[in-house]
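We have chain R; now place chains W and A onto it with these hints.
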Amino acid sequence: MGLSLQRRKDANTGTSLIIIFIGLGLAILSFSIVFLIAGINPFIGFKEIFLGGFGDAYVLQQVVKDTAPLLFVTLAFLLPSRAGLWNIGAEGQFFLGGVGATGIALALSNQPSIVLLPLMALGAIVCAGVWAFIAAYLKAKININEIVLTLFLNWIALLLVKYLTVGGPWMNPEGRSESKAIPLTGRISVISGTNIPVTIFVAIVAAILLYLIFQKTRAGFEINAYGHNPEASVKAGINAKKVILISLTVGGMLAGLGGFHQSAGVIGRLRYDLTSGWGYYGILFALLSKNNPLWAIIVTFLSTGLLVSGAQSLQYDLGMGGGIGLLFVGVIIICFVIPQFLKEYTISWK
Amino acid sequence: MKEQRQKNIVREFKKGETAIELRGITKRYPGGVLANDGISLEIRAGEIHGILGENGAGKTTLMRILVGELKPDKGDIYIGDEKVYIRSPQDARNLSIGMVHQQRKLIPKFSTIENILLGDPGTGILPNIEKSKKKVKELSEKFDFDVDLDAKLWQLDAGEAQIVEILKVLYSGANIIIMDEPTAGLSPIQQEKLLASLEKMARESLAIVPFVTHKLPIVTEVCDRITVLRNGKVINTSDSIRVLSKEELADWMVGKKVLFDFEKPETELGSILIEVENLSALNDQGVPALKNVSFSIREGEVLGIAGVAGNGQDELAEVLTGLRKPTGGKIVFRGEDITHASIRKRRELGMAYRSEDVLERGVIGDFSILENFVLSSLYTQDFCRGMLINVECARDIAETEFSNFDIRAPNIYTITKNLSGGNLSKLILALEFSWSSKFLIDQLVTQGLDVATTEYIRKRLFEAKKEGKAILLFSKDLDEILIMSDKIAPIYEGELGESIPSEKTNKREIGAAIIGK
Amino acid sequence: MGIVILGLNASTIFIIAGLGELFSQKSGVINVGIEGVMSIAGLVAFIGAQTTGSIWIGMIFGVLAGGLMGLVHAFFSISLRLSQILSGLGIWLFGIGFTSYYGRAFTGPLMAPSIKTTFGLTLIFFLGIVLIFFFQFLLYKTHFGMKVRAAGEVPSVADAWGCSVIKIRYLCIIVGSMLSGLSGAYLTIIYSELWSAGVIAGRGWISLALVFSSLWIPILLLGTSFLMGILWVSMFSAQMLPGAPTFLMQMIPYSVAILSMIAYSLIRARGKTFMPSALGEPYYPED
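Protein chains in written order, with the numbering used here: chain R, 1 to 350; chain W, 1 to 517; chain A, 1 to 287.
Next comes chain R alone, as it looks inside the complex:
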């Protein structure tokens, strides 16, 4: 009669490995199909992806540099996800981080770095935090659907940035669609010998801190418990509103730090392409890391190499169209979503 599903009693690590392998297999298969349709030999395609991400010191440096903002947005989705919430708004919170940082930089441009940089970081955190708080508050108070809400806030955030930079108050007087430059005192210093802003360390530390919080603190336990079973948690005395507000707002703040990194560390100003979809990559990376912050570091690094850098080289070296990176992200999500059912079920052919 076809496939039949039976409930599985326990999922052991063996199952998790199988899931990963099936996902990987499906992904390789799908990528190969995409290559073939584009007239490219899949082996060459895959080789190009690897080389583009890890082939030489130059691309490696790019990958590490990009890992920072991507790790921030990954954590931004990961934290609320542990509480059972879907933060689709990392993209918008990222922008708001950039807005906050740039705003402070432009307003206090005559301050020394020692003063300016921390204030910019603070600005980023506050703006992004407030942006996320809107969703957090509405979710906690009236249980609004946070997926749709954070998503609409993304669009509004993008429009806000466009307003400020394209013909708006912060516009570069030379007329391009970008903000005035952030003064040198407001630029994040780089690791010597590279062009990697030191905020990469902040991201890694944040991931480690998050891990420790979940393992060792009561607040972390509350978040975990709530994510698994809200009703039992409330009965045990956990404050649902507190969990929702904190996890979503702090998640937003993390995304905001990503915006700080990108505007003050990489680009040097605010632009409406501060992120073009990285907030959504973060969703994928968080899912792939199984919501574990330590795994997130490695997964983000590898995925950035393959899907961001690697994809770029597919564009430039093999002439594949732009947007190939996004296509691969979309494909991978489907490929990894599919085998998830094996966690709960075994299949047999009847």
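Source of the hints: derived by calculation from the structure; they are not laboratory data.
It cannot be assumed that every hint is accurate.
[Unchecked claim] With a straight-line cut-off of 25 Å between C-alpha atoms, the simulated SDA-like cross-links for lysine to any residue are:
no., chain 1, residue 1, chain 2, residue 2
1, W, Lys109, A, Ser265
2, W, Lys135, A, Gly162
3, W, Lys134, A, Gly145
4, R, Lys343, A, Pro285
5, R, Lys343, A, Tyr284
6, R, Lys180, R, Gly277
7, R, Lys242, W, Val391
8, R, Lys290, W, Glu392
9, R, Lys216, W, Ile397
10, R, Lys180, A, Met251
11, W, Lys152, A, Ser164
12, R, Lys241, A, Gly145
13, W, Lys152, A, Gly162
14, W, Lys345, R, Leu245
15, A, Lys167, W, Lys134
16, W, Lys135, A, Gly145
17, W, Lys105, W, Glu192
18, A, Lys272, R, Gly277
19, R, Lys141, W, Ala341
20, R, Lys343, A, Leu71
21, A, Lys272, W, Leu149
Everything numeric in this text was worked out from a predicted model, so none of it was measured.
Okay, now just chains W and A, sitting in the frame of chain R:
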């Protein structure tokens, strides 16, 4: 293996004709339990044939076989004189067998008439609502049912909901009506109405088969014949009808007989630990569920609240623990007014609560046993203090309780949802008993547990009493509650009667109070 | 007056996509990936129309693409018992990626002849109105509609009484997605007559929000879609005025969508639930 769909047999039986006959029905579950052992009986049209048996006697299995949810290993079923195979609920429906469940299978948002129509959705595109309404009205009048056809289902109470289910079954064309604990949850007036309607239905040559656990008025007053099941076998099918005396009417509340006699420890009662004044609250439907409830409990005292399920016990426990907001009244616990305090605050002050819905609210299924211990003591400062906690901090307590309660699982790192039902109940107990609470609310005293565990629970409860804890028990098992409590109060329709010391009252008195007499 | 006509045309997008999602949600399944379905269907329809020169062929392509995505979502959420949200997000992100990449070659205006309009309104608009009334009737006055609603409220009860919840949900999801596909196709080849990466511009998500705010009642959806359509169009026209803060104005539809969701949540907080009770919960017939 393709199985043949059971053909539609539309039968009208004459009164006295055998409607359905079971021969040698046997069913063994995969675990080895022999639930039904060669059961043979016959049900006649126009009779009310009660099937009686304790928990575990095989009633549920037999019921499920009759309605197509289970297949017997051996044995045959005959409708009239044709052998039939009931392989699915649809087959049962095609054979005019209908079942009225104890847990209503209805859709709250639909209106009464829509729920009834669902019984025979038909294949047509257009329902002729008017015609169907008329047919339902006719059925209603025929059997003296009184229910608003346009009301939404969530507006109806337990008795009316059951009527809807009966109508649904009738509308779908059943003439053999199986009923699972038909009087459960009904008030005495509703029960009388139900019995009257059943008699009317029998007069119309329908066969009514109620499955019941205890000697209830339905069995002794209304049944024409009774079949008793025990250990999966038919013990007796008797023709006699016994008339229930007024005193025995109260006896139908009796639950499982207490197996051991306990010496309730004499303790010195301390000061008043919790005092409740004029507490009122609404239930989920917005209907008053608690009406000016007042009581107090001292340190070392056990108050037992006796009542049939659904008279406000859940709401009372929820208001006390903070899961539900009261509409009026005051709660003072350990000298503090906690009427509007958070759940966490109440737990910090020492209030523990063991509730009925285990997997939904009692534990987190995905967590390990150890983690659930941490959860239950998050704010009670017993073994996991302050901001930093280590899941291991609860290890010693978890191990101790694990062996005390004899929880059958590999170890404390086992994932909770993999535990069996009985072990889950024990775990819930362990969780709420394991920290130094001052006040214990217990909704499910010893239902469904084996003898050794029951004994251990009672021992722990009495120990808690000696330690000076105040205990509030909810139960409908009068024997149990008389033994365990210092004082008893009956609850009926949200009103709490006066607390009487347990030695000054007896089962009859309380039994009468909780059914409203 | 012209604004009203334009507004009605714009509202067609919300009406049809919203109706598709409404139908699927009534049976208990939510598809948060409508935006992705509309993007993919919009692109496929555009390619079809661009290469064949026929709008109608393009529309058919779009509907089929929508149905295919619906089949995928149904398979994931029903047969594989996956989280409906996860499946929907996957489809949305896949849609972004797929259309970003494969759409690049087709960016630009449509070179096919436009279709006729009556009083400035297209045939699809009238189709939308008809569909609204059709579904209103279907859901509330027919046996089938009752089964759909039962599947969305208490699937175990519906199943026990002979409505195959699985079949009903598959049907509702696929039909719903076909409608979303129709809306996406309409958007690209009739309404905007161009393709670009961001052409859907969140209207799929807005349609989703409108389903909630219309309390899952088709007639109400008609009203909220009209309002959103007129708002959308007014906002665009107003941008033409000198000195208008274009970007701030573009925020309006999304803000209004947010407000409508807040309004819905407030209504729900008062205890009136219009949402199908089983929405979003996977159905496990084996339990």
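Discussion item. Please list, smallest to largest, the hint numbers that this structure does not respect.
Written reply: Violated hints (numbers, rising): 12, 15, 18; every other hint is consistent with the structure.
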